[in-house]
Amino acid sequence: MKRLLREFLKGITIENPTFRLALGLCPTLAISTSIVNGFGMGLAATFVIVGSNMIVSSIRGVIPSKIRIPSFIVIIATFVTIVELVMKAYFPSLSKALGIFVPLIAVNCIVLGRAEAFASKHGVVRSIFDGLGMGVGFTFALVLISTIREAFGNGTLLGLIIVKGFEPALLFILAPGALLVIGILMGFINHVTER
Amino acid sequence: MFRVSPAPHIKSNLSSRKIMYLVMLALLPAGIAGVYIYGLCSLKVIFISMASCVLWELLFLKFRHKDPRIVLDGSALLTGLLLAYNLPPEVPFWIPVVGAWASIILGKQLFGGLGHNIFNPALVGRVFLQISWPVYMTTWKNPRWALDSVSTATPLAKEGARSFSYIDLFLGNHGGCIGEVCILALLIGVLFLIFTNVISFHTPLSFFGTVMVLAWIFGGKGIFQGDPIFHLLAGGLILGAFFMATDYVTSPLTRRGKIIFGIGCGLLTILIRLKGGYPEGVSYAILFMNAMVPMIDRYTKTRKYGLVKKGR
Amino acid sequence: MDLNRLLMVAISVIFINNFILSKFLGLCPFIGVSKKTEPAFYMGLAVTFVMTASSIITWAVYSFLLRPFHIEYLRTLSFILVIASSVQLIEMFIQKFNPALYKVFGIYLALITTNCAVFGVAVLNSEMFLKVADNLTRSLVFCVVQGFCAGVGFTMVLLLMSGIRERLELCNVPRSMKGMPIAFIVASLMSMAFMGFMGFRF
Numbered sequence: 002m003k004r005l006l007r008e009f010l011k012g013i014t015i016e017n018p019t020f021r022l023a024l025g026l027c028p029t030l031a032i033s034t035s036i037v038n039g040f041g042m043g044l045a046a047t048f049v050i051v052g053s054n055m056i057v058s059s060i061r062g063v064i065p066s067k068i069r070i071p072s073f074i075v076i077i078a079t080f081v082t083i084v085e086l087v088m089k090a091y092f093p094s095l096s097k098a099l100g101i102f103v104p105l106i107a108v109n110c111i112v113l114g115r116a117e118a119f120a121s122k123h124g125v126v127r128s129i130f131d132g133l134g135m136g137v138g139f140t141f142a143l144v145l146i147s148t149i150r151e152a153f154g155n156g157t158l159l160g161l162i163i164v165k166g167f168e169p170a171l172l173f174i175l176a177p178g179a180l181l182v183i184g185i186l187m188g189f190i191n192h193v194t195e196r
Numbered sequence: 287m288f289r290v291s292p293a294p295h296i297k298s299n300l301s302s303r304k305i306m307y308l309v310m311l312a313l314l315p316a317g318i319a320g321v322y323i324y325g326l327c328s329l330k331v332i333f334i335s336m337a338s339c340v341l342w343e344l345l346f347l348k349f350r351h352k353d354p355r356i357v358l359d360g361s362a363l364l365t366g367l368l369l370a371y372n373l374p375p376e377v378p379f380w381i382p383v384v385g386a387w388a389s390i391i392l393g394k395q396l397f398g399g400l401g402h403n404i405f406n407p408a409l410v411g412r413v414f415l416q417i418s419w420p421v422y423m424t425t426w427k428n429p430r431w432a433l434d435s436v437s438t439a440t441p442l443a444k445e446g447a448r449s450f451s452y453i454d455l456f457l458g459n460h461g462g463c464i465g466e467v468c469i470l471a472l473l474i475g476v477l478f479l480i481f482t483n484v485i486s487f488h489t490p491l492s493f494f495g496t497v498m499v500l501a502w503i504f505g506g507k508g509i510f511q512g513d514p515i516f517h518l519l520a521g522g523l524i525l526g527a528f529f530m531a532t533d534y535v536t537s538p539l540t541r542r543g544k545i546i547f548g549i550g551c552g553l554l555t556i557l558i559r560l561k562g563g564y565p566e567g568v569s570y571a572i573l574f575m576n577a578m579v580p581m582i583d584r585y586t587k588t589r590k591y592g593l594v595k596k597g598r
Numbered sequence: 148m149d150l151n152r153l154l155m156v157a158i159s160v161i162f163i164n165n166f167i168l169s170k171f172l173g174l175c176p177f178i179g180v181s182k183k184t185e186p187a188f189y190m191g192l193a194v195t196f197v198m199t200a201s202s203i204i205t206w207a208v209y210s211f212l213l214r215p216f217h218i219e220y221l222r223t224l225s226f227i228l229v230i231a232s233s234v235q236l237i238e239m240f241i242q243k244f245n246p247a248l249y250k251v252f253g254i255y256l257a258l259i260t261t262n263c264a265v266f267g268v269a270v271l272n273s274e275m276f277l278k279v280a281d282n283l284t285r286s287l288v289f290c291v292v293q294g295f296c297a298g299v300g301f302t303m304v305l306l307l308m309s310g311i312r313e314r315l316e317l318c319n320v321p322r323s324m325k326g327m328p329i330a331f332i333v334a335s336l337m338s339m340a341f342m343g344f345m346g347f348r349f
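Protein chains in written order, with the numbering used here: chain R, 2 to 196; chain Z, 287 to 598; chain B, 148 to 349.
Okay, chain R solo, but in the shape it has when bound (with noise of 0.2 Å):
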């Protein structure tokens, strides 16, 4: 128990993905402009990472290692293809807003990265877990960078005035904004853990 807590929580900590592995970059610069974009992507790639992290981890002993990756992203491409078909469906507007970035779900690095470097080499249960501590940490990260800038960007939290009177700067909302907020939290982080 102790040990699937700890692949589940260092992929929030030392090993999130965005902070410390610089994976997944460009959806989360991409897509970050609101809180709700921001958690709809974290969850959406939480669901495949988990999804594909499963299946492959269960299928590990059959796939010879030789078509491993191509199989990998057939796998990964498929939750990827449901999470399309869903999010149409019921989440039109959220579908919208992210619009070419859910597919490219697909091509997120973490997504293969975790499936190749941890679940086709360790079981089920703890390959579940790690996959769910990853996209925990993306969304995460996903949410923290989406809330600067919609408070900045558009002087809002999740829709909702902050300070009457602010007057947002629209930088934050386009996209020198978010490379300005990732360098910035990047460095912060180097400044706090380099103590």
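No lab work stands behind these hints, which were simulated from the structure alone. This structure is a prediction, so every number in the text was calculated from the model and none was measured. Glycine included, each C-beta is placed from N, C-alpha and C at the ideal position. Wrong hints could be hidden among the right ones.
Derived pair list, reagent style DSS-like, types lysine-lysine, alpha-carbon separation capped at 25 Å [stated by the list, open to error]:
id, chain 1, residue 1, chain 2, residue 2
1, B, K182, B, K325
2, Z, K587, B, K183
3, Z, K587, B, K278
4, Z, K352, B, K250
5, B, K183, B, K250
6, B, K278, R, K67
7, B, K250, R, K67
8, R, K89, B, K278
9, R, K97, B, K278
10, R, K122, R, K3
11, R, K3, R, K67
12, B, K182, B, K250
13, B, K325, B, K183
14, R, K11, R, K122
15, Z, K304, Z, K352
16, B, K183, Z, K348
17, Z, K507, Z, K561
Covered stretches of chain Z (chain B as the covering partner; in silico rule of three or more C-beta atoms under 8 Å from a C-beta of chain B) [said to hold, decoys possible]:
id, stretch
18, 475-481
19, 572-578
Take the given structure of chain R and dock chains Z and B to it, following the hints.
Chains Z and B in isolation, oriented as in the chain R frame:
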């Protein structure tokens, strides 16, 4: 080990601190003109901008445990002055404060301070503000003596601009940024810089040349019917070309590089003015070309003397 | 063929909606391979080549397979497989027939088989030009132009970035900002400069 390479040896033997104060002196007439034309509100913007640049720099130096006397090199003051010159006269007080943060912290200190920055700090501040608060940054004030107090568009605006005589443009009798309007005052400063031999003229001249030729060819209804003089006098071209594109740190080292830099700036400026969504393109053009400088330097380096071995 | 629209697509994907600075696609190679100019150039070349090639391939898959059989929902799956396998094929081909080229070029091809910029251009093409039934040659031309120009824009930004990062090596950047953080700050400032291209009309 000392290696002599044709790199950052500035042609004159002026210290960088002295250069900063000389450039500030050269900018003085334009500031006086700005205050005279738009009233005391411009003086307030200039003061807040310079003060907050110095304060941000002091804060960051303290944060990095560095000698606070570095601030005396004058670069923060000059950045603040240039930033203010690039702002409309009636912006709220916090606009120059935030702009100073972008200039000093993002544009300069995160790269390691004076001499290490890639982009011109004042322009980083201006573009940051322009993108963040486009409304404030394009609300112009008429000269004090104008009869209608309703704010109007600058001469370069895509719509709603009325035509100005060359004399009005030259003297600054129209809406615009504090430091860019009065060409006469700017030219007095430029003469002073020629006299003290502070800036090189390759960049400004190739910048003007490109803008004027392209404005003449493409600026009008048909081909070769544009108005090159108008494009020279309107907007921030003179201020940008003489005082910001010539910044030692963020422009190429060699003469050939400077000319390429100027041509690139001119090309982008006229492209944005004629085809882009913004009325004025000088600051974006210079910022874009700042990013090209390492590449330009790489391919225009003189390789005649003391071929320095690769690697350090 | 409406040349004007084609030009607009090209300018848009190079400057206004630059893949790196505005769409955030292909950030991994952008941060990873932009430390030196030479590898950056080869990387850009490889990306441009693969983007153009995969634009053609996915155009064929979409117009001859997915649309006729109404299985558009398999787009993600089929695109990713087709792109990955054809890049592998190209890689093997180059390795066999031009080992010298493979030596400088091959590793970059291997790195971008599942690159999000390459996949992104295919998805973007399908959203913009392939969803609506159109003249086949016309949609092919648009796909190829968009794919090629996306690569050109990518290469341009990668080269500029590598020049700046080579210079940053000599700079006194604060310790906690060294490496990736300052690279992102530079990218942010470049992205600000690129905002000047917003709203271009021809």
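Each hint tested on the structure:
1. Annotation: proposed proximity of K182/B to K325/B holds, straight-line Cα distance about 12 Å (limit 25 Å).
2. Distance hint between K587/Z and K183/B is fulfilled; the C-alpha atoms sit about 18 Å from each other, no more than 25 Å.
3. As the CA atoms of K587/Z and K278/B are separated by approximately 50 Å, the hinted pair breaks the 25 Å bound.
4. At most 25 Å may separate the alpha-carbon atoms for a hinted pair to count; K352/Z and K250/B exceed this at roughly 47 Å.
5. Between K183/B and K250/B, the direct Cα distance comes to roughly 17 Å. Compliance with the 25 Å bound is thereby established for this hinted pair.
6. With a C-alpha separation of about 35 Å, the suggested pairing of K278/B with K67/R is violated against the 25 Å cut-off.
7. Among the hinted pairs, K250/B with K67/R is consistent with the structure: their alpha-carbon atoms are about 23 Å apart, no more than 25 Å.
8. For the hint pairing K89/R with K278/B, the CA-to-CA distance comes to about 16 Å; that is within 25 Å, so the pair holds.
9. Taking the CA atoms of K97/R and K278/B, the gap is about 16 Å. The hint holds against a cut of 25 Å.
10. With a C-alpha separation of about 19 Å, the suggested pairing of K122/R with K3/R holds against the 25 Å cut-off.
11. At roughly 34 Å between alpha-carbon atoms, K3/R and K67/R are farther apart than 25 Å, so this suggested pair is violated.
12. Only pairs whose Cα atoms come within 25 Å are accepted, and K182/B paired with K250/B is accepted, the gap being roughly 20 Å.
13. Between K325/B and K183/B, the direct Cα distance comes to roughly 16 Å. Compliance with the 25 Å bound is thereby established for this hinted pair.
14. A hinted pair counts as satisfied when its Cα atoms are at most 25 Å apart, and K11/R with K122/R qualifies at roughly 17 Å.
15. Using a Cα cut-off of 25 Å, the hinted pair K304/Z and K352/Z holds, with the two alpha carbons roughly 22 Å apart.
16. At roughly 33 Å between alpha-carbon atoms, K183/B and K348/Z are farther apart than 25 Å, so this suggested pair is violated.
17. About 13 Å separates the Cα atoms of K507/Z and K561/Z, which keeps this hinted pair within 25 Å; it holds.
18. With 0 residues bearing a CB less than 8 Å from a CB of chain B, the stretch 475-481 of chain Z misses the requirement of three and the coverage assertion fails.
19. Counting residues of the stretch 572-578 of chain Z whose CB lies closer than 8 Å to any CB of chain B gives 5, which reaches the minimum of 3, so the coverage claim holds.
Against the hints set out earlier in the document, violations occur for numbers 3, 4, 6, 11, 16 and 18.
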